[in-house]
Each structure stands twice: as structure tokens, then as C-alpha cells.
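Protein chains in written order, with my numbering: chain A, 1 to 253; chain B, 1001 to 1291; chain C, 2001 to 2300.
There's no promise every hint is true.
Chain B stretches covered by chain C per the calculated footprint, using a threshold of three residues with CB under 8 Å from any CB of chain C [said to hold, decoys possible]: (1) 1099-1111; (2) 1205-1217; (3) 1250-1264; (4) 1267-1276.
Computed from the model, here is a short list of chain B residues facing chain C with C-beta under 7 Å [as the list claims (entries may be wrong)]: (5) Ile1036; (6) Val1093; (7) Thr1094; (8) Leu1234.
Hints are computed from structural coordinates only; laboratory data are not their basis.
Backbone N, C-alpha and C define an ideal beta-carbon position, used for all residues, glycine too.
Letter by letter, the chains look like this.
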Amino acid sequence: MLLRAENLCKRFGGVSALEALDLEIEAGAVHSIIGPNGAGKTTLLNLLCGIYRPEEGRVRIREQSMVGRAPHEFAAAGIGRTFQNLQIFFNMSALENVMAGRWLHERSSLAAALLRLPSLARAERACRAHAQELLAFVGLDAWRDAPSEALPYGALKRLEIARALAAKPALLLLDEPAAGLNPTETLEIDRLIQRLAAAGVTIVLVEHNMKLVMGVSQHVVVLDYGRKLAEGSPDAVRRDPKVIEAYLGVEAS
Amino acid sequence: MSAQLLQFLLSGLTVGAIYALVALGFAIIYNASHVINFAQGEFVMIGGMATVSFIDAGLPLPLSIVLAVGAAALVGLLLEKLAIEPARNASVVTLIIITIGASILLRGLASLAWDKKIHALPAFSGEAPIALGGATLLPQTLWVLGVAAVVLALLWWFFNRTLTGSAILAVSHNRLAAQLMGVSVRRVLLVSFGLSAALGALAGILIAPITFTSWDVGVMLGLKGFAAAILGGLGSGPGAVVGGLALGMIESLGAGYLSSAYKDVFAFLIILAALVVLPNGLFGRRTSERV
Amino acid sequence: MLLLLPLALPNAYTYEVAILVGLNAIVCVGLNLLVGFAGQVSLGHAGFFGLGAYGSAILAARYGWPPLAALAAATAATGALAWLIGRPILRLKGHYLAMATLGFGIIVSIVVANEDRVTGGPDGMSVPPLSVLGTAIAGEKTWYWLVAALLVATVWVALNLIDSPRGRALRALHGSETAAQAIGIDAARHKLSAFVISALLAAAAGALTAHYAGFITPAKASFLHSIELITMVVFGGMASTFGAVVGAAVLTTLPQFLTVFKEYEMVLLGAVMMLTMIFMPRGLVPTLEKALAAARRKPL
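Hey, can you work out the whole structure from these sequences and the hints?
Structure representation (C-alpha cells):
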């Protein structure tokens, strides 16, 4: 099992954001987490990548407990993440953002860096090439050298995905990648996620766009008020009366 | 309680009240603009030095004090209008450098307008020490504590019961929302600077009869006020007061029981230790980033 | 440009200013790594400068160490201290970090001013000249070349660091600490190394200043000196290594020019600082770069 959450509880002061949450993420599948606003979806993602520490319970990555570990250790263990409120490095160009993403796989020594040895130049060229490939993969080839401030919102969302991919994560957490996008941009993100899934990247997707979710996921988890309401295949969840009542609503006849 | 301890606590309370007033000045400006006004100490200096000038010109003490506070408030308004407002879109670091430049400018002007000598203000109601439980109290100390208490009460009333005060608090919590509610951020900034300057000046005037005043008295007082504001939790009014009083006490106890030369080292070490344990100060808002 | 400068300098006094500029610039390049690139703040860097200066002075003058060894030891010891206090301090953010560094600087300046048996107290102490393998380094010209070489080396290494993956990691931290952590960058470790590197540079420059001047006073570790240093960095342009050098150059030479105005010196210095930051908020070098880029884009 790639990632396992056991009895996760997250509380802020007196408010319980998440209670007794169990989750199993299989490698190679697309899992979605849906639910009304405030259900605890982003809180769950933050717990899965180490930004939050749970009050109770634990996260296991490949059966290794991650209790007490810092976020960068989660990243080193193979978790990648995009953010609901963009966390682009606006002080760098689009390409540099993706190059930065490759940090875990950089192999140059401090001496090579300080003395500008030839090995560094070679490593930098390779890094740049990889980053350019990723930009092309997400469809941002045209924005390569642009300062990241110049990119439109939809492009920035894709840039964050490219940056996360640069770390070659085993598991990619996407936090509302389609939020704030118009229908055309949403379609592009949809296709991108499909491409990622086809390439074998394990994805955990938090989204409100049901078409997107149902179309791409193998497994759906529904959260409500910090607890798991239902889980299963998209079809099963779509028909679950509890889910319909809490979140999806009934189609007008 | 031993007479000696009482003495230290009283002097700590006195200087702590001064730090509290200066710290409040920092807190008010920080709340309105997220800027640390490094020129705050110079308002303290202006208060004391201007009062000395007015008295030398023959004016009675109460009038001199009022005029001096007014002069400092005017300088505060000018600082906001001429230096902070033109740079309102700059980064916080840039604004800090501007206030540092302002403090150098003000000190330079002070050394020209006055001189580099130390001046004394007459004590408000005489110098006859009062005996209290084995310790001696200067009448000026009572003035410091009394005025500080009254000022704190007035500030509480201002921020909680008047429209302008609420507007200032609104800007400190969420500038955009306040603007959308019709609050003029420019006016709020002006009032904040004027108010902070007045507070600083008052502090300088209150303490001048005890510790004297000079053209560069603002540097250390400003720094200690800043330290107190941080200790209490930046942006928190009660924090500034508690921080100021705490700093004053720590300093006084350090001077009394350890060594007077190292009282500042002792105080700053305590502050550093406190910050390590409480990274947002005593009452600071624990902000978590929404990602 | 550094090679051509001696031709323009007419006398020993201007050499002296140039040497001071160079030494300040070394500190500023290091401080810029911490402030401009890693996005931290330090209002107490004169403390590191002073520790390096006094450390080397005391070892050389009172314990008879060869000056070069004293310099190396003082620099290394200051770096170690920076490592020790950096760990807890760098967990603080923003103005709280500013206060902590401020407190550190003040503590150093007070200790240095008070321990007069060791440090000579408020009047300072004299420092033996720097000597390498027995020959003393004396004379403005020799010092000029030494400092110029060291400055060039420092700038070169700093530029290399910034262009490297580590430099990108630092800039990523500045851009968004959360996202940087999410791609595996250990924020605490990187902030600490930026802190220690800038402390080492400040200490080395401090020790060199002490040996060059032959004298050291507590003013060099004071809060005012810390403010001067941070002002040089912001004035020149943060996140710009050349900006740090330019900032050091302008703000070291400016007071020299302003002494002509005698008692108006402070007023003018303050006014210049304020006006420049109001009209060039991003600092001198970035503003000039932008202006040049805009001028180039205009059709001829």
C-alpha cells in the first residue's frame, strides 16, 4: 500500500477539522476526495504531506510511519503537492520554478556550486532540459522564459503541476486544480490529469467539478464535517443516498 | 517584601510604564501599516527636548508639555504625509529603511535645533522623596504611573468606543475589507502616526525629570520600546503594555541584583529566550498560512 | 573596474575609503544572501563583525597569536556561534526574527564595551598589523589589492552559489516556504547555512578591518553599525549581489562627502536615505537595471 492514513484527527483549538479518518491509497490509481466546503479536504491533504501534524493517528508511506516528520521529509518520501491558493515562486521565471522542483534529484556538490566547476554546468543543462520537457508536457512551452508573474491564472495552475512533477513524486496531491478556471481551461486540466493517470502517476485529487472527478477517478472518498461519509467507485458513490443528501443533490426531473 | 526588592520593583514599574507607552506607539503604527517605525524613539526625544525649549522660553510647565506633545504629533503627521504615504506600495523592508532615514534626519535636526548636551526637566511636583514601605519614591514616579494609567484608559476608550478608533482596528485586521466599508486608510494612517508620536512624546516628557533628556535619548528608548512591543506580541495593545512593564521590571531587577552595566544584556537575553519559547510574543496573533 | 580604480585615486585618503568600501562590501554581499535571497532579516550583523574583529584582535594582541591564525580562528569561532544561535533563532519569522538578531547584536556590543580588561572597554584596543609568513602587510596600496582580491573572490563565489541548485533552493524558500518544503527543501537547514555564511563573511571582514586600522572600538559592533549594513543592502538593491556592492560603496563614501557640511551631515544623510527609498523603492541597482531595459526596448 503506497499511502495509508490511520485514524487521523486534526483539531484547531476547540474545532475538530478531521476525525477518525482512515484512508488507503493504492499505487497507480486516481483517488478523489470530494465533499462540501469545510468538510476537511484541504486539511486532509495538508496532513498527507506533513504540513499539519495530526493530534491523533498517523500517516504511513510504504508502511513507514511518518509521525513527527517535517514536510520536506514527506516530499523526500515521494509525496508531491499543488496548492489551492497558488504557491508559485513569483521571484523566479516559469522555467526556474520547475527547475527548483527537481531539488531532490540534484546531484551536484557544494564545491562544484561554489567554484562553478564544469560538472555543475552539465548538471544545470540536464536540469534545464528536464524542466523544459515538463513545461511542454503541461502545455506551457510558450511561457518558458517568462517571469512567473506574467502567466495567466490557468497557466499558473499548470505550472504548479509541472513543478510538483519535477520532483518525480510517487504520489501527487492535487488541491482543486480546476478552481477558478473557465470551461476551456478546465478541459485542459482534465486532459492533463488524464495524461498523468495514463502515465501511471498515482493521484489524489480534491475537486468540486463532478464531471472531472467522476470521469478520471477509480476511487472516490466523500468527506462531510471532517468524517468519511462514503467511499467506493465513482458510480457507487454517485448513487449513495447519504452522499446525494449531503452534497450532490438530486437531478431535477 | 524587602525594602530593596520593593525599590527595584518600583523603579522597574516606572521605567516599564515609559516603555509601555513607547511600545504602544509601535503597536499602533504597526497595526495600521505593518511598518515598524524606527523613528518612534525620536518622538520621545522631541517630547523632552521641546518641553525644555518651551520652558527656557519662559512658558509655564503645563503649557510647555501640551505644546511639546503637539509639536511631536505634528512631526508624526508630517512623517506619514511626506515619507510613508509616497512610498505606500513599497515593501515593508523599504518602509523600515525610510523610517530609519527619518530617525537619522530627526536626530540631525535635533542636534542643530538644540545641542548635544544633556538637559533636565524640572520634576512636575517637586523632588521630595516619599517613603513607602522602606523604599523611597520620587513624586515624579507617581506622575509617570498616574499619567500612564490615565492614557491607557483613554486609549482603551478611544479604540473600543469611538468610530475613529474602531476604524483603526478595522484597518489593522483587514485593510481591504475596511476600505470597502468606507474607511479612509489614509486618514487612519495619519491618525495612527500622530497618536503614536504623541504617546512617545508624553513618555519622553514624563521620564525626563528622572533620567534627563538629550538629542540622542531616542535611540535606546525606541529600541527598548520595540523590544517590549515584540515581547508582548506585535500588534497587541495589551501585549505592548505587559511587554513594557515586564521589560522595565526585568531591567531593574537585573541592574539591582546582577550588575548595572549588564542590565540590558540580561533583559535582551530574557527576551530572546521568551521568543524561542513563544515565537509570536506573549499575546501575539498566531497566524497560520492558508494553503 | 576595481583594477582601474587606483589610477583615479589621488591620495592615501581615498585609498583608505576604497578599502573601507571593499570591506563593507564583503559583509554586504554575505548579508544580501541572507536578506535578499533567503528572505530572512538580520538587524544585528555588526555583532558578527565585532566578534570577528575583537576575536582576532584579542588573540593577536593579548595572546600573541600570529595575526593570520587569529583571523582564521576568530572567523571560524564566530561561524560556529552563528550555527549555534541560528538554529533556535531562525524559527522566528519577520519582525520577531528582526528583534532576536537585534538583541544578539546589542548583547555583543555591550559585552565588548564592558569587558575592558580583555577588550579595552569603550576606548577600544590596538591591534597588531596583519602579517603573512612574517612579512607585515602595510601600506594602503597593498591593503587595497588584498581587499579588492578578496571582494572579487567573494562576489564570484556568491554569484556561483546563487546560480546553482542551492541558490535556487534559497530563492524558492523566499518565494514560498511552504511550497519549497513540498519539493523537499529543508527550510531550516538552508536558512541556517545562509545565516552562517553571512556571519562568516561579516566576521572575516571585521577581523580584516581591525588589523588594517590597527585599532578597534565597540562602535563597530553597535546597533547603529548593524543598521548601516542593512541599509547598504536594501539601498543597493536586495537580491542583487552587485547591488550589495554598490550600496556599500555609496553609503560608505557618502558620509565622507557629507563631512564637508559638518553639522548638517546627519540631516543630509537621513534625507538622502529617505528620498532614495521613496523614489527607488527596490534599491539602486534593480531600478537602474529596469530603466536600462526600458530604454533598450524603446524603438530607435
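Here's how the hints hold up against the structure:
no.	hint	in the structure
1	1099-1111	holds (count 11)
2	1205-1217	violated (count 0)
3	1250-1264	holds (count 3)
4	1267-1276	holds (count 6)
5	Ile1036	holds, 6 Å
6	Val1093	holds, 6 Å
7	Thr1094	holds, 5 Å
8	Leu1234	holds, 5 Å
Figure legend: structure checked against the earlier numbered hints; the only hint not met is number 2.
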